[in-house]
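**Q** Throw the hints in and build the complete structure from the sequences for me.
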Amino acid sequence: MATDTVEKVSKTGKAVKGANFKNKRERKAYRKTLRQVIANKVANKALDKEDKKEQFQKIKLVKLRRRKIARDWQRLVEVLQALASEVNRVPDRIRGSDPRYTGLATALCNDAVKAAAEKADQYAAFSRKDVRIYKPAGKG
Amino acid sequence: MALSLISRLEDVDAFMDRVRMQIERCTPDDPELGAGLAGGDLTGTQSAIDKAAVAVEELDYHLRDLARAKARA
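Residue numbers (my numbering), protein chains in the order written: chain A, 971 to 1110; chain B, 279 to 351.
If you are wondering where the hints come from, they were derived from the structure by calculation, not from laboratory data.
Please note that a few of the clues may not be correct.
[As the list claims (entries may be wrong)] Mimicking SDA-like on lysine to any residue, the simulated pairs with C-alpha atoms at most 20 Å apart in a straight line are: (1) LYS1084(A) <-> SER325(B); (2) LYS1023(A) <-> VAL1101(A); (3) LYS1038(A) <-> ALA292(B); (4) LYS1030(A) <-> GLU310(B); (5) LYS1038(A) <-> ARG303(B).
**A** Here it is as structure tokens:
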């Protein structure tokens, strides 16, 4: 076996392929292709970074909007409370007002305030929760 | 008195519309909000506010009638 190899090598005058380094010209050409691959990988990384940035910006926007909605709910409750207190004072302010009307309006206004306040609390809690972003329906 | 009741009702209507528009505008970017994970079903709240609004309007008409009767007498 050993004698065979020695004979082959002696015939061509060069080492067998893989037993030695390639020459400089070949190595340079190969490195050029590698450089392209690395450039592509770097570009992909940059794109990923951009995507992530966009996603975080989106999350921030969603958070801000949720807090705005919670604030609006709170204001709705305040306005309802103002209405309820105004209705509560009608019998004291206006002499001769029918207690049937005032009683019904008072009860219903208080109910509405209670219901809206409950929902406003739920929205406030929701606005403090973590945001989960789903992929849009169109994209894979 | 009557005028202030109606104007307060209008405030309530304006804020309800504001909340509605906000939720509608945010739904495309925020599927959780659109799915109702925030506050669940709003029909109960809406009907409660509507009932209160009707009662307040009736009270307002009653107060106006009262004022008219007083003016006549």
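**Q** Now, for every hint given, state plainly whether the structure supports it.
**A** Hint by hint, here is what the structure shows:
For the suggested pair LYS1084(A) and SER325(B), the alpha carbons sit about 13 Å apart, so the restraint of at most 20 Å is met. For the hint linking LYS1023(A) to VAL1101(A), the alpha-carbon distance of about 15 Å falls within 20 Å, and the restraint holds. Between the alpha carbons of LYS1038(A) and ALA292(B) the distance comes to roughly 16 Å, so the proposed pair stays at or under 20 Å and holds. Only pairs whose Cα atoms come within 20 Å are accepted, and LYS1030(A) paired with GLU310(B) is accepted, the gap being roughly 15 Å.
For the hint pairing LYS1038(A) with ARG303(B), the CA-to-CA distance comes to about 12 Å; that is within 20 Å, so the pair holds.
Every hint from the earlier list agrees with this structure, and none is contradicted.
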